[in-house]
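> The working numbering runs 600 ahead of the 1-based position in the sequence shown.
Hints are computed from structural coordinates only; laboratory data are not their basis. Yeah, the Cβ is synthetic: ideal placement off N, Cα and C, and Gly gets one too. There are no misleading hints in this set.
Computed beta-carbon distance windows for the label pairs:
id	residue 1	residue 2	range
1	643	700	47 to 53 Å
2	613	673	53 to 59 Å
3	623	643	22 to 28 Å
4	700	651	37 to 43 Å
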Amino acid sequence: LSTPTLIRLIDRMLRRGIAFEIVAAGVVIEPAPDDKLHALIRALDGHHRYLHGLKTHPETASRGRKRLLDPDDLPAIKSRLESPGATATDVAQELRVSRSTLFNFLERYDPDRVRRSKKISDGGDEDIRKQRHLA
601 LSTPTLIRLI DRMLRRGIAF EIVAAGVVIE PAPDDKLHAL IRALDGHHRY LHGLKTHPET
661 ASRGRKRLLD PDDLPAIKSR LESPGATATD VAQELRVSRS TLFNFLERYD PDRVRRSKKI
721 SDGGDEDIRK QRHLA
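Given these sequences and hints, build the entire structure.
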């Protein structure tokens, strides 16, 4: 039984109204909120949880999932896509990502791609494409 686990168990018992006695030392910890030993146990438990939180979730750690594609690699990815005979599927396989991940990456980080898609959607060609799709 580790010390932090023992402190957590003592704190739980005290919160439920159960007194805790260490017979060998002759120490009795009462569940009353004004008991100084009870306050010490609660503070030790809170401090341990705080330290454990710092270890498992450091403030300097980046949040979220690790990026599969780095925005700094955008020029290289664009040149691969623009090379003759290259397909998005081939480039995605070379980068070891799915096609949807590649397209989401390009949509987020390639401003030229966003402008191109807006030009298409502003024109009347979109209605024709929808009609063909529904037919």
